[in-house]
Structure formats: C-alpha cells, structure tokens
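Enquirer: Each chain, written out:
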Amino acid sequence: MRDQVKPGAIIDGYSVGECIHQGGTGCIFRVEAPADVDSAFPLAMKVPRLGRGEATIGIEGFETEQTILPTLSGPHVPRFVATGDVTATPYIIMEWIDGRSLADVIASAPLPPEEVARIGAALADAVHSVHEQEVVHLDLKPENFLLRPSGEAVLLDFGFAHHARYPDLLGEEKQFAAGSAAYVSPEQLQNNRSDSRSDLFALGVLLYELATGRQPFGEPETLAGMRDRLWREPAPPRAVNARVPPWLQEIILRCLEQDSSARYQSAAHIALDLRHPEQVALSARSERTDVPGFRRHFMRWWRARREGDRRAPLRDGFGARAVTILVAVDTEHLDDERHSPLQWATRQIVSLSPEYRLMCVSVIRSAPVGEGVTELETATGKHLQHKMRLRHWVEPLKLLPSRVSLHVVEATNAADTLLDLARSNHVDLIVLGAPGASKKKLGWWRSAASTVTANAPCSVLVVRVPERPPGARTNPI
Amino acid sequence: MLTALLSDIHGNLEALNACLSHARGRGAERFAFLGDLVGYGADARGVVEVVTRYAAEGAVVLKGNHDEAVEVSGGYFNDAARAAIEWARKTLTDEQRRFLAALPLVVRQGEICYAHASAAAPERWNYIDSPSAARRCVDAAQVVYTFCGHVHDQVLYFEGALGRMKEFRPVVGTPIPVQGHRRWVTIVGSVGQPRDRDPAAAYALFDLARRQVTFCRVAYDAGAAADKIRQAGLPGSLAARVELGI
Chain A
1 MRDQVKPGAI IDGYSVGECI HQGGTGCIFR VEAPADVDSA FPLAMKVPRL
51 GRGEATIGIE GFETEQTILP TLSGPHVPRF VATGDVTATP YIIMEWIDGR
101 SLADVIASAP LPPEEVARIG AALADAVHSV HEQEVVHLDL KPENFLLRPS
151 GEAVLLDFGF AHHARYPDLL GEEKQFAAGS AAYVSPEQLQ NNRSDSRSDL
201 FALGVLLYEL ATGRQPFGEP ETLAGMRDRL WREPAPPRAV NARVPPWLQE
251 IILRCLEQDS SARYQSAAHI ALDLRHPEQV ALSARSERTD VPGFRRHFMR
301 WWRARREGDR RAPLRDGFGA RAVTILVAVD TEHLDDERHS PLQWATRQIV
351 SLSPEYRLMC VSVIRSAPVG EGVTELETAT GKHLQHKMRL RHWVEPLKLL
401 PSRVSLHVVE ATNAADTLLD LARSNHVDLI VLGAPGASKK KLGWWRSAAS
451 TVTANAPCSV LVVRVPERPP GARTNPI
Chain B
1001 MLTALLSDIH GNLEALNACL SHARGRGAER FAFLGDLVGY GADARGVVEV
1051 VTRYAAEGAV VLKGNHDEAV EVSGGYFNDA ARAAIEWARK TLTDEQRRFL
1101 AALPLVVRQG EICYAHASAA APERWNYIDS PSAARRCVDA AQVVYTFCGH
1151 VHDQVLYFEG ALGRMKEFRP VVGTPIPVQG HRRWVTIVGS VGQPRDRDPA
1201 AAYALFDLAR RQVTFCRVAY DAGAAADKIR QAGLPGSLAA RVELGI
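If you read the sequences in order, they're chains A and B.
Residue 1 is where the first sequence starts when you use my numbering, and the numbers rise one by one after that.
Residue 1001 is where the second sequence starts when you use my numbering, and the numbers rise one by one after that.
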C-alpha cells in the first residue's frame, strides 16, 4: 500500500511541507526532520511519479538515483539523507540547496565572455567532481544545475546517470539512451551510456548557450532531428555573437566535437582553460566565422552515413583518465643541478598519454608594493622574463601547445601557492625538486617539498639529484 | 546475515581454505557450496572433508556435474577431466562418495534459489552464458535471487527496464545494490579453477538484509595446488590451468 505524499503528511517521521517544484518525473517537497534528528541543513524530499500511464523511465530512473546519490559526496551534489523503499513509499530525502537555477542565468544570455568563463568553470568543476566518483550524469541541462551564492555549481537529478561499478538499469534500451534533446551527445544517440565525454559535449552546449543565447542544435522534437548532430556542424559562436573571443570559441567547439576522442578528455581541462584564457592554444576552430554551407554539410552527412554505426566502438569513458600534472620550476636559479632530473621525470610522465596536461609553475618573490609606475613596469618585465624561462624549460619536451600552460606567480610562500594552484585546477600529480644536497638534513622540514608533500590534495613526486660516489665527476655530461 | 557462495572448487583445497578464511574475515556466517567439489584438482578428499563439516553445521551443498560423474560417467568430459574424476573416485572414501551421491541439484530458501548450472532443467547442466539463458533460469527459479556456478566467470544478470535480462561484469570488491523488486542471477565464479587469466580464487558474498552482492577474488598458493596435481600423476595441463588461471 502506497502512502500518499502530500503537504502535511508525515512519512517515516519526516513532515512534508510545501511542494516547490512539480516536474515531468516527480515533485520536490520541503520537509522537516523528525524531532529526534538534528539536521544540520534544510531538507528536500523528491517523490517520483510512478504508476500506470507514467513514463517507464520513472521506476528505473528513481532506482538509479536512489543507488547513485548516496555514493556521491562533495560540495557539487546535494547531500543524501534517506530513502524509502521503492515498492512501498518511494522517496529520496536530500539536502535542500539554496541557489539560483542555471536556467535563470541562461535566460539572460548572451553573457560577457568573462562571465561565461567564470560560470562555465564552476559547471566544469561540478562535472569533474562527479566523474572522479565514477559517475556520468548523461542529462546535463540548465534545470539540473544550481549555482550557490558562493559561485559553486551543484548538480541535480541523477535519474539518468550511470555508475561505472553498478549495473545500468537503463542501459541498452534505445528510448533511455538519450537525455534532453538540446544537450544529448552523438554517442548517447547511438546507445552508449558509459562515456564520460558525453557530459563534456553537453557542457559545450551550455557554454554555447551562455555565450550566444542560442542552442547550437536547437531543440529537436524527434529522434531523427536529434540525430542531425551526428554530422551537422553548429554555426561557430562568433558568427552568432561577434563579441565571443577566439579562445572561448576554441573551448566551446572543442567540447562540441562530434567524435568524442577529439573533444577535451576531462572536465578539469575545460575548467583549466576557462580559468586561463590567455593560455588556450588556438587552432583553426577559433578562426571560423562562416556558417557551414550546403556542400560542407552534405560531405559530413555523407561521411557519417557511410561510417554509420560501424564507427569504432567508443571507449569506456572511465578507462584511461586524462590527468593534470603540475611541475614546479625554479626559474630564479637556472643553473641548479635539479633542473635536469626534474625535466627527465616530467618527460617520463607526460609521455604516458597524449591526454596528460602539464602546468609549469614558477613561484617568484613578490615585487615590492607601493612603488611607482616604473617599478610596476619592472614587475611586468620580470614576470615576462620568467615566463620566457619557463617556456625555454619545457621546450625540450616537445609537447603540443594545447597540452602545456605556463604560470608565473608572485608570492612569498611557494608551498602555499603550489597547493592553491593544485586545488583550484584539479591537479592529479605535483612534481617538484627535493631540497638541494646542502640542505638534506635539517632543510627538509623547512622546504617547500615537505610542506607540499604533507598537504597536497593529490600525489606528489619529489625529484632528487642522485647521490654520486665520492670522487665522481660532478657533471656526468 | 552474510552468506558466502562458493562454487566449482574442483579439488583445490588451498583455494577453498583461502576463500573460507577471507569470507569469515568479512563476517560471513552462512555458507553455500554450489557444486563441483571434485574434478580437475588433486585434493577431492580434502575438499569433501571440509565441505562435509560445513554441511553438518547447516551449509547448503549442491551437486555439480563433476560430482555426479564420480558415480555416473558423463560422456562429454575431455581426457584430462576424466582422469581427474577417476582420481577422485580412487581417493574418496565410501562415505564421501555416498555424501556426494546424495546431494541435491537445487535448493530453495525463501527469496533465494541455489543451483549448480541453472534452475531450469538443472540435470542437463546447461551453461548460463547469455541473458536469454539467465531468463530461462529466473523463469524456472521463480524467486528474486538465484545463485549459480558452472560457468567459471563472475557475472551478474539482472532484469532491466522493460523486464529484459541484462548482463553486468562486476568490479571486484564493490558491494552492488540488488533491490528486491527485480530478479537477479548471480554467477559466483570458480574457487578452484578460474579461467580469466587471473589465478586468484573467486567467490561471492550476499547480504540479504542490505540487499548487496559483492564479488571477491582471493590470492592463494596456486603453486601448491598445482604441485599436488603433478604429484598425483594427473595431466600437466590441469596443473598449468590452476597456476595461470586459464
């Protein structure tokens, strides 16, 4: 017997308040925790709409969310609290998020490029956090993002999602492969529900919308209409809104690549580029301003038709991870003997996969504050000089420009600066030098390497100059 | 209450002991042995001795096709398998042979059904190697949870949207939620002779209260089990299979 969930009812001790949102798949109510439970945050109850005449995604979608939400944590998802038996009283109680819907933000698009980058990076952070927890959302759309007053984005509704370690209840059924018409990726239309890069395509659609106020593929109503995106190229954002800068177009169109292997391979890399526009490597994508003509479209359609579903099976999106590596380079002491082993170690790591990105960071001492215009110019000049040294340092690694970014930061505390950069850019590995031979004993405890190793949010590789037997030549080369 | 599900032990006492101690370490209090206690391996006697002890304490024990072949030769065995069954026949005590001969093919307990090969026509030893074979099994079992062995891989079949059966390849060590309103067929893997190029022994844990299935792999001294096979004068290919997991 199914209990009636309505305002005023008490369900498993939770008192149901007003219905805040009534959607296609269910309702969201405000709820109060039982008197004996002290909830540290406000609560919401999601009640699926199940039963005869309702979309069949109902029960599987509810069960999917009921399974996946409790496994997720962090600031980018609502905290899971409790759930009711799907056969008795199905509901999920979760944290009530105070935030603005991305749908409201998009209503005022086009936004200035800096705004698009700021919001876009927050969305990418949220998507990355979910991907790191082995979940693909598969239904990213404005209604499923809330922006907290702090600027952080929160992802909602995991009824369509896929967890890499759990059976996919919605898998292989054609009608459930696709998410929402405007945002669904080409591979989802081909019934692939396990590629995390599908979410990066949807993120591209959202960025496009934020930057231009339009949807790149419209909002088709039929499956055939959606399948257009298997071959159709969207109009370049700069053709729609001339204020879109080349770097932003580069990012958006790279997300929207039809072939998922040509897209970004990680939401962290999208966030990294959106936060450092000056570091975005521009390709032919950034230049396009023409709306593709009939001939170009016809050729793409023909190719897609010929390739059809014979296209190579898509990689399981969780297999190989695209990681970000941060290497700390001391550009103030260029003759330091640690440069060579540091360079060697970095080269070994980035050669493991063409999808690994490298952030080269140099922390230089702050220029004196409160000096005149000439001093400021000197500071800028110093900054540029160190950037050139960084470029020179990474040059021998022969990496594509799109894989490297250079960061010169003025700060007094190198360790804190490196840790901040690692945190805000989802860095997976920090590579840095051990204190020099002269400081081996006492110096370690005061070194940047020890502070970074102790507090890093990720793995740290501390590179040391190998000890040589006494009497050996100091320079082996 | 946590139940350990162990199948296709195949006379490998080292692997069996490793799995039992792993399961007890995880808090398993109930045990179900899903058949093929003997065959392939050299220590049929040691394995049956351990399983008999668990049976006396209430464990479920089923008959597999290799156990059946000790009494009634199956025509479909290859030479190596037949040699191992001959060896089992020679080394088992009369009492142990009577124990094997008396084992049931299927056991049902409330929401659960255990079978060695499939709950559908269990005496025919059909493999559950496809969603449609899993469908025939759940239709015959008529319960929520069916546990089988026989196929040496670890697979979870489940009723997806629209009621169709689907196949899921589990990740070892992850508790998988298995809700009670859909049907599940768990193929628990082989304790004594895994065939996925990983020699580690395979079994599964089932938590009925939490409705979770966890697939496990346990490293053990496969070399010792292989040495016993060689010392018994059984075909060297059987020893190699245990060592390499093929």
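Note that these hints are calculated values from the structure, not bench results.
In this text, all values refer to a predicted model and were calculated from it rather than measured experimentally.
Check before you lean on any hint, since a few could be wrong.
[Claimed, not checked] Here chain B is said to cover these stretches of chain A; the calculated rule only asks that three of the stretch's residues, wherever they fall, bring their Cβ under 8 Å from a Cβ of chain B:
(1) 95 to 109
(2) 382 to 393
[As the list claims (entries may be wrong)] Label pairs and their calculated CB-CB ranges:
(3) 395(A) x 1024(B): 34 to 42 Å
(4) 285(A) x 1153(B): 53 to 61 Å
(5) 1240(B) x 387(A): 42 to 50 Å
(6) 1196(B) x 420(A): 39 to 47 Å
(7) 283(A) x 1024(B): 43 to 51 Å
(8) 7(A) x 1143(B): 34 to 42 Å
(9) 22(A) x 1142(B): 38 to 46 Å
[As the list claims (entries may be wrong)] Partial pick of chain B residues on the chain A-facing surface, computed with a CB cut under 10 Å:
(10) 1180
(11) 1182
(12) 1234
Glycine included, each C-beta is placed from N, C-alpha and C at the ideal position.
Enquirer: The structure should be examined with respect to each hint, and the outcome stated for every one.
Expert: Structure-based check of all given hints:
Beta-carbon proximity to chain B at under 8 Å applies to 0 residues in the stretch 95 to 109 of chain A; the threshold of 3 is not reached and the given coverage is violated. Interface restraint, the stretch 382 to 393 of chain A with chain B: violated (0 residues with C-beta to C-beta distance below 8 Å; minimum three). Separated by about 59 Å at the C-beta atoms, residue 395(A) and residue 1024(B) break the suggested range of 34 to 42 Å. In this structure, residue 285(A) and residue 1153(B) break the distance hint of 53 to 61 Å, their C-beta atoms being roughly 45 Å apart.
Restraint check, residue 1240(B) to residue 387(A): a C-beta distance of roughly 60 Å breaks the suggested window 42 to 50 Å. In this structure, residue 1196(B) and residue 420(A) meet the distance hint of 39 to 47 Å, their C-beta atoms being roughly 45 Å apart. Checked against the given bound of 43 to 51 Å, the beta carbons of residue 283(A) and residue 1024(B), roughly 59 Å apart, lie outside it. Roughly 40 Å separates the CB atoms of residue 7(A) and residue 1143(B), a value that falls within the hinted 34 to 42 Å.
For residue 22(A) and residue 1142(B), the hinted distance range of 38 to 46 Å is satisfied, since their beta carbons lie about 39 Å from each other. Interface restraint check: residue 1180(B) against chain A, minimum CB-CB distance 7 Å, threshold 10 Å, status holds. Annotation: interface hint on residue 1182(B) holds; nearest CB of chain A at approximately 8 Å, less than 10 Å. The beta carbon of residue 1234(B) is not positioned within 10 Å of any beta carbon in chain A (closest approach about 39 Å), and the interface hint is therefore violated.
Hints 1, 2, 3, 4, 5, 7, 12 from the earlier list are contradicted by this structure; the remaining hints agree with it.
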